[in-house]
Structures are given as C-alpha cells and as structure tokens.
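**Student:** Here is how the chains run, residue by residue.
Protein chains: 2
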Amino acid sequence: MIPYASRIESMEETAAIVGSLFQAMTDPSIISFGGGAPAKEALPTELIGQLCQKVFAPGGRGVEALQYGPVAGIRDLKEAVASHLLQPKGIACDPDNILIVSGGLEGIYLTCQTFIDPGDVILVESPTFVHTVEIFDMFQAKCVPVQTDDDGLNMEALEQAIQKHHPKMIYTIPTFQNPSGRTLSREKRQRVAELAEEYDVLVLEDDPYRDIRYSGEDLPPIKVFDKTDHVILANSFSKIFSPGSRLGYVLASPEVIQKYTNVKSATNSHTAMLPQILCAEFFNGGYFPEHHKKICGIYRERRDAMLAAIDKYFPEGTKHTMPDGGLFTWAELPKGIDTTALLPKAVEQHVAYVAGEGFFVERDGSGKNCMRLSFGSNPPEKIEEGIRRLGDLLKNEL
Amino acid sequence: MIPYASRIESMEETAAIVGSLFQAMTDPSIISFGGGAPAKEALPTELIGQLCQKVFAPGGRGVEALQYGPVAGIRDLKEAVASHLLQPKGIACDPDNILIVSGGLEGIYLTCQTFIDPGDVILVESPTFVHTVEIFDMFQAKCVPVQTDDDGLNMEALEQAIQKHHPKMIYTIPTFQNPSGRTLSREKRQRVAELAEEYDVLVLEDDPYRDIRYSGEDLPPIKVFDKTDHVILANSFSKIFSPGSRLGYVLASPEVIQKYTNVKSATNSHTAMLPQILCAEFFNGGYFPEHHKKICGIYRERRDAMLAAIDKYFPEGTKHTMPDGGLFTWAELPKGIDTTALLPKAVEQHVAYVAGEGFFVERDGSGKNCMRLSFGSNPPEKIEEGIRRLGDLLKNEL
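Protein chains in written order, with numbering that gives the first Met the number 0: chain C, 0 to 397; chain V, 0 to 397.
Keep in mind that a hint or two might mislead.
If several chains are the same, the list does not tell them apart, and a pair holds so long as it fits within one copy or across any two.
[Said to hold, decoys possible] In the DSS-like style, the derived pairs of lysine-lysine whose C-alpha atoms are separated by at most 27 angstroms in a straight line are: (1) Lys318 - Lys293; (2) Lys318 - Lys88; (3) Lys163 - Lys318; (4) Lys381 - Lys141; (5) Lys344 - Lys394; (6) Lys53 - Lys141; (7) Lys88 - Lys311; (8) Lys334 - Lys141; (9) Lys53 - Lys381; (10) Lys39 - Lys53; (11) Lys226 - Lys318; (12) Lys367 - Lys292; (13) Lys88 - Lys226; (14) Lys293 - Lys163; (15) Lys226 - Lys367; (16) Lys88 - Lys334; (17) Lys53 - Lys367; (18) Lys53 - Lys293; (19) Lys394 - Lys226.
None of these hints come from the bench; they were simulated from the model.
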C-alpha cells in the first residue's frame with residue numbers, strides 16, 4: 000500500500016462533508032433545494048445546438064474546436080469577457096489580464112497553487128462555501144472564520160483577524176454569497192480593497208452569482224477599488240451560460256496571469272476548446288442580453304415563491320435572508336432545531352436542503368439550526384410544496 | 000507584492016523550457032516538426048459535427064451536456080473505456096476503476112496531488128517528456144533520470160536507482176515514448192511491475208500513444224502484470240479522438256479512484272460534459288474502428304516519409320529511432336552539433352523541431368546533439384521538404 004501525500008489527510012474531513020452534503024440531490028422524486036445547479040429552463044440548450052451547427056459547418060471552427068489550443072484560453076472568449084462582462088462593471092482590461100479556466104472553482108484552485116504554501120492562513124466568511132474550503136484544505140492552508148453581518152463581512156472583525164492571524168489571503172464571495180445569499184455593501188467593498196493594500200494581503204473575490212441580479216442596485220466588484228494588484232477576481236460562466244461547459248475566468252495583473260498560466264499548463268494544458276468557442280460565439284453573437292433577461296425573470300419568480308412560502312410555512316422565529324440575486328437563501332431556524340439530524344427525515348418526505356453546519360469552518364456546531372435553500376432548480380409550485388413539507392417537519396421538531 | 004508559493008520557484012526553470020520549446024510552432028509559414036499535435040486530417044471533425052446535432056436534437060442529451068455532471072465522469076464514457084479500450088488489452092475492469100479526466104496530463108497532475116509530497120523522488124526515463132517534469136517540479140518532487148536502451152528503461156539501472164534513491168514513483172511512457180519513439184519490451188513491462196511490488200514503489204504508466212500503432216506487435220500495458228495495485232494507468236483521448244476536447248482517463252483501484260475523485264472535485268469539479276458525451280457517442284456508436292484504421296494509415300505514411308528523408312538528407316553518423324507507432328522520432332546527430340543553438344537558424348529557414356536537451360532532467364548538456372521530430376502534422380511532401388532544409392543546415396554545421 001503506497002502512502003498518500005499528506006495533503007490527502009488534510010482534506011479528508013471536508014471531502015466527506017462535500018460528498019454527504021450533496022447526496023440525495025439527484026433522485027428525481029425528491030424536491031431538492033440542495034444543489035446549486037441552474038434551472039434547466041435557464042440553459043440556452045436550443046441556441047447552443049444552433050451554435051454547434053455553425054461551428055461544424057464548412058468553413059467553420061470545427062478543426063479549431065478539436066485541436067490543441069492556447070493555455071490561457073482563446074482570444075475571442077477573453078475579448079468577450081473584457082467587453083461584455085468586465086467593461087460594463089467599470090473594469091477596463093485587455094486579454095493579457097485574463098485567463099480562461101475550467102470552471103470558477105479552477106480559478107480558486109489556481110490561486111492556491113500559485114500563492115498558498117502549507118500553513119498559510121486564509122480568512123473566510125462565516126459561513127462560507129464548503130467546496131472552496133475543500134480546496135483550501137487540499138493546500139493545507141489554515142482557514143480562519145470572520146463574522147458576517149447582513150451586508151457581508153464585518154469590517155472590525157476582519158481587521159482584527161488580519162492583525163491577529165497575518166493571513167496570506169482573504170476569501171470572499173461578495174455578491175449573493177454562497178450559502179447565505181448576502182451581499183457585501185459598496186462601502187465595505189472599498190474598505191476590503193483598502194485593508195488588502197494596507198496590510199499587504201491578497202483578496203480572492205469569487206463572484207459567480209453577480210450577473211444574476213434581479214432586484215436592487217448593481218455594485219462594483221472589489222477589484223474596481225484595487226489600485227495595487229492585491230485583488231484577484233475569479234468568476235464562472237456556470238450560472239449565466241452553462242455549468243457543464245466548465246468555463247470560468249480569472250482577472251489579475253499580466254504577471255500573475257503568467258504564473259497562473261504555467262500552473263494551468265501543469266494541471267491540464269488548457270480548457271476544452273468546443274465549450275470555449277460556443278461560449279465566445281454566444282457572447283460575441285449578441286445572444287447574452289436576451290438570455291440574461293430571461294433567466295433573471297425565472298429566478299426572480301422562484302425567489303419570490305420561496306421567500307413567500309418560508310414566511311407562510313416555516314415556524315415562528317425563523318429568519319431568512321432576502322437575496323437580490325443568485326440562487327440561495329439561508330434560513331435560520333429556532334434554536335434547538337438540528338438541520339443535520341433532520342435531513343434524513345426530510346428525504347423520507349421527498350424534500351432536501353443543505354444542512355447549515357457544513358458551511359462553518361468553526362466545526363463547533365455553528366449553523367446547526369440553519370439551512371441553505373436553493374430556489375434555482377424548481378418551478379414555483381414545487382417550491383411551495385417542498386417548503387410546505389419542510390415547514391411541517393420543522394414544526395414537529397419544536 | 001504578494002509572494003508566490005514556494006512551488007512556483009521550483010517550476011520556473013521547466014516552465015521556461017516548456018514555453019520556449021514550443022515557440023514558433025504556430026506560424027503557418029513554418030514546416031514544424033515541433034508540437035505533438037495530431038494531424039488535422041486525423042480529427043473526426045465531420046463526424047463530431049453530426050454527433051453534436053444528435054446530442055442537441057429534441058429528446059437528445061442537450062440538457063445533460065450543459066448541466067453539472069458527476070465528478071468521476073459520465074457512466075457511458077467510463078463503460079466505453081472499459082469495453083472498447085481496456086478489455087481488448089486484457090484488462091477487465093468496471094466503471095469504479097475509472098476516472099474521466101480533462102486530458103492525459105490531468106491524470107498525471109492528479110497522481111501527484113494524491114501521492115507526491117515535496118522532496119519525494121520520482122524516477123524518470125532519460126530522456127523524458129518535459130511537460131510532465133513541469134508537473135513534477137510543481138509538486139517539488141526530485142526527478143532522478145534512469146538510462147534507457149533501444150527497448151526502453153534499462154532494468155539494471157532502474158533497480159539500482161530504486162535501491163539508491165528510494166523513490167515514491169517510477170514514471171514511464173512505455174509505448175512510442177515521448178520524445179524518443181521507443182517502446183518498452185514485453186519482458187521489461189513484466190519486470191517493471193515486479194520491481195514495483197518488490198520495492199513497494201508506485202508506477203505511473205502514461206500511455207497516450209499506444210492506440211496509434213501501425214506496425215509491429217501490440218504489447219500489453221504494464222498494468223496487466225500488476226497484481227498488487229502498484230500501477231496507475233493514465234491515458235488520453237488526444238491522439239485517437241481529439242486533443243482540444245481535453246479528455247483522458249485513469250485506471251486504478253476503486254479506493255485510489257475515490258481519492259483522485261476528491262482531488263478532481265477540489266480542482267475543477269468535473270470534466271466538461273459536451274466533450275464527454277461526444278466521445279462516448281463516438282465509441283459506443285461504433286465509429287472508432289474505422290477512424291482508427293484511417294489515422295493509422297495517415298501516420299504510417301508520414302513516419303515512412305520522415306525516416307526515408309532523414310536517411311536521405313541528414314549528415315552521415317546520424318542515428319534515429321524506428322517507431323512502430325505514435326508521432327515522434329528522435330534523431331541523434333554527430334557530436335558537436337548543438338540543436339538548441341541551431342533552432343533559430345532553422346526557424347529562419349522556415350522549419351522547426353524540438354531541441355533535445357530540454358528532455359533530459361540531468362540538465363548537464365545531455366541531448367545537446369539530439370532533436371525530437373514529430374511527423375504527425377505535416378503531409379509527406381512537406382516532411383521531405385522540411386527534412387531536406389534541416390539536413391542542409393546540419394551539414395553546414397559540420
């Protein structure tokens with residue numbers, strides 16, 4: 000028996016949590032509020048079929064789609080990112096600032112491979128996205144939780160944690176956070192960039208939900224306030240184009256992008272070409288605005304259905320967040336309810352959610368009375384029915 | 000300026016070599032024997048266009064192609080690997096033994112992430128594939144070269160190196176090796192598996208070229224002789240299907256596959272779905288045998304053209320390997336010729352190759368008079384013209 004690398008043991012606990020959290024999510028008889036998958040109605044399936052025909056038509060990009068490509072991604076997709084996604088948010092950049100990656104998580108992985116040595120401290124939001132923590136554990140970083148308010152990271156707690164723990168990196172999902180659905184305010188975004196510069200800390204801004212905002216005012220990325228290249232912006236096409244395409248991008252200085260490119264080359268050479276070409280054709284062909292309007296309409300309706308159902312069916316004393324976008328709300332139930340213990344009973348009633356405590360790196364029982372509820376993948380009537388079933392179960396627990 | 004992780008410095012030298020080796024390979028006015036890309040005529044472009052139409056037709060797999068998928072890969076592609084690629088080689092396995100990865104290199108990356116701690120020794124063939132060494136450097140392993148003969152690794156040198164260096168892993172490309180085109184004999188394959196068991200060393204068998212054999216007798220993978228789970232087989236679809244699809248697979252015990260699956264999850268969640276589905280439809284639809292026959296015919300003709308041209312145009316005293324498959328031959332030129340210094344002059348004459356010394360981890364000038372020549376991407380008349388130009392240059396050097 001050949002021994003595994005020491006990092007395998009470091010990631011064992013989180014890997015088990017990630018595995019167990021997302022169980023029972025694929026059984027079609029279950030109304031699942033578990034996974035973070037987009038609605039199938041929000042996938043541009045028919046359009047992508049048409050774009051495939053175009054790619055493989057005579058004189059098209061068929062050979063390019065099947066041959067090796069550039070490590071950093073194809074130029075027209077990087078240009079699409081710059082002009083359709085970043086420029087409207089106040090970020091002027093050129094393709095040398097951008098690396099195309101195989102999904103948003105790969106941007107986080109590459110950041111760790113490039114910057115994180117074993118033992119480095121990473122400050123994370125409390126709660127935070129458990130799948131990312133699995134990556135941090137693989138790199139044997141030490142995750143330190145920072146308290147969050149209704150408008151994201153608490154700035155006093157953040158500065159104290161920086162002073163106390165001398166972190167290498169701050170990890171934040173500033174917009175419609177996973178799992179909480181909360182959004183970091185404009186003032187706090189500016190302050191995070193200032194603290195990064197002041198204390199010479201890297202900020203990893205993970206922003207996959209920002210482009211599905213359907214109420215409230217758009218906020219600039221933290222990256223907009225970054226004057227000193229302390230902020231790395233990682234984003235994903237999973238929620239606005241397709242998750243199965245495994246596409247994302249990283250925005251950083253050309254020097255940092257070059258390091259990431261070397262690491263990407265030593266991980267999997269480059270991102271698959273056909274998905275890249277289809278995504279570039281989607282944006283540069285002008286299909287995004289209409290698609291965007293459509294999916295925001297779908298998710299707005301589902302969010303409204305879920306929040307109304309929680310208010311109607313969940314026990315008194317329940318609190319929930321009011322997300323202006325994204326796919327999640329976070330319910331805090333009356334003390335004493337144990338959402339981890341309750342989950343098997345919920346699955347018996349053919350409804351599922353993600354129990355809260357897995358999202359807390361504290362591992363001290365924090366979040367035991369919380370649950371993450373995704374309203375992405377079910378139509379309003381199923382949302383109401385699922386929340387009604389959950390509400391009955393919860394009331395029985397009290 | 001935030002400091003990079005210590006591994007970034009470890010991989011700097013090899014990353015620079017990988018970068019520089021493959022320069023000037025994309026200029027279409029150059030006859031390039033440099034890159035290891037398949038011939039564009041060997042890509043099933045039209046067929047994949049038809050399979051795309053099938054996937055996105057009503058009732059097809061369009062939504063599956065765009066939605067999140069399983070970390071370990073889709074079941075029908077794993078089944079295709081088991082029945083169309085492994086079973087004919089004498090390997091009986093089921094889908095739990097297989098992980099679908101984003102290209103063959105990702106299988107090597109995942110092996111390192113799962114097994115290699117900084118300072119671990121990896122035995123590599125001399126010469127070996129420099130891109131893999133970049134991965135080993137990223138994991139801060141110590142690469143120790145082992146002498147090779149015309150039929151691959153020298154067994155006495157291998158056993159001595161095991162005894163002296165106590166390696167964690169032996170890395171070998173046993174079939175039509177990159178860069179040499181050499182093939183490990185049947186007896187040596189068995190012996191490598193025995194040594195692995197005897198000394199409790201992992202073997203990483205990287206076998207991307209084995210399925211393009213166009214002369215000689217097929218040899219079993221080392222994995223066939225492995226009774227004790229000491230051999231990990233990593234393979235790629237790049238040479239038999241399409242490199243831009245970034246698809247490969249790893250064969251190992253279910254326990255090891257589970258660890259790789261956790262690491263894959265913490266790297267990029269899963270491999271892109273549309274390429275996986277297209278590849279599964281390609282194999283399970285029965286298209287592979289005819290395609291395979293076609294591409295072997297293309298490469299056989301190109302190999303023959305290259306070997307004949309080398310014999311005709313290269314200076315007296317040149318030796319070259321006689322590959323029965325794959326994409327490369329390896330030319331050893333008269334002493335005194337410096338292929339690294341010659342490359343810019345070759346590019347001026349609009350012809351390119353990969354200089355030999357980058358493939359030697361010795362970094363002591365070994366391979367200075369060698370070059371890797373890929374006959375994959377040029378038709379026979381261009382091969383003759385390019386080799387003629389190179390021959391003229393080489394004769395001028397003497």
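**Student:** All the hints need checking, so say for each whether the structure fits it.
**Tutor:** Hint check results:
In this assembly of identical chains, the alpha carbons of lysine 318 and lysine 293 never lie at most 27 angstroms apart, being 29 angstroms within a copy and 65 angstroms across copies at closest. Neither within a single protomer nor between protomers do lysine 318 and lysine 88 lie at most 27 angstroms apart by alpha-carbon distance, with minima of 32 angstroms and 60 angstroms respectively. With identical chains, the CA atoms of lysine 163 and lysine 318 are never at most 27 angstroms apart, being 32 angstroms at best within one copy and 64 angstroms at best between copies. For the homomeric pair lysine 381 and lysine 141, neither the shortest alpha-carbon distance inside one copy (40 angstroms) nor that between copies (56 angstroms) is at most 27 angstroms.
Proximity of lysine 344 and lysine 394 under a CA criterion of 27 angstroms is satisfied intra-copy only: 13 angstroms inside one chain copy versus 80 angstroms between copies. Taking the shortest Cα distances, lysine 53 and lysine 141 never come within 27 angstroms of each other, neither inside one copy (48 angstroms) nor across copies (48 angstroms). Taking the shortest alpha-carbon separations for lysine 88 and lysine 311, neither the intra-copy value of 37 angstroms nor the inter-copy value of 62 angstroms comes in at or below 27 angstroms. For a Cα distance limit of 27 angstroms, the shortest separation of lysine 334 from lysine 141 qualifies neither inside one copy, at 29 angstroms, nor across copies, at 54 angstroms.
In this assembly of identical chains, lysine 53 and lysine 381 lie within 27 angstroms of each other by CA distance neither inside one copy nor across copies; the values are 37 angstroms within and 31 angstroms between. With identical chains, the CA atoms of lysine 39 and lysine 53 are at most 27 angstroms apart both within one copy (23 angstroms) and between copies (19 angstroms). In this homomeric assembly, lysine 226 and lysine 318 never come within 27 angstroms of each other (Cα to Cα): the closest approach is 38 angstroms inside a single copy and 57 angstroms across copies. When the C-alpha separation of lysine 367 and lysine 292 is checked against a cutoff of 27 angstroms, the pair qualifies neither within a copy, at 36 angstroms, nor between copies, at 60 angstroms.
Taking CA atoms no more than 27 angstroms apart as the test, lysine 88 paired with lysine 226 passes inside one copy only; the shortest distance there is 16 angstroms, against 58 angstroms between copies. When the C-alpha separation of lysine 293 and lysine 163 is checked against a cutoff of 27 angstroms, the pair qualifies neither within a copy, at 46 angstroms, nor between copies, at 65 angstroms. In this assembly of identical chains, the alpha carbons of lysine 226 and lysine 367 never lie at most 27 angstroms apart, being 40 angstroms within a copy and 46 angstroms across copies at closest. In this assembly of identical chains, the alpha carbons of lysine 88 and lysine 334 never lie at most 27 angstroms apart, being 41 angstroms within a copy and 60 angstroms across copies at closest.
Taking CA atoms no more than 27 angstroms apart as the test, lysine 53 paired with lysine 367 passes in neither setting, with 51 angstroms inside one copy and 47 angstroms between copies. Taking the shortest alpha-carbon separations for lysine 53 and lysine 293, both the intra-copy value of 23 angstroms and the inter-copy value of 26 angstroms come in at or below 27 angstroms. In the homo-oligomer, the alpha carbons of lysine 394 and lysine 226 never lie at most 27 angstroms apart, since the shortest distance is 51 angstroms inside one protomer and 56 angstroms across protomers.
The earlier numbered hints that this structure contradicts are 1, 2, 3, 4, 6, 7, 8, 9, 11, 12, 14, 15, 16, 17 and 19.
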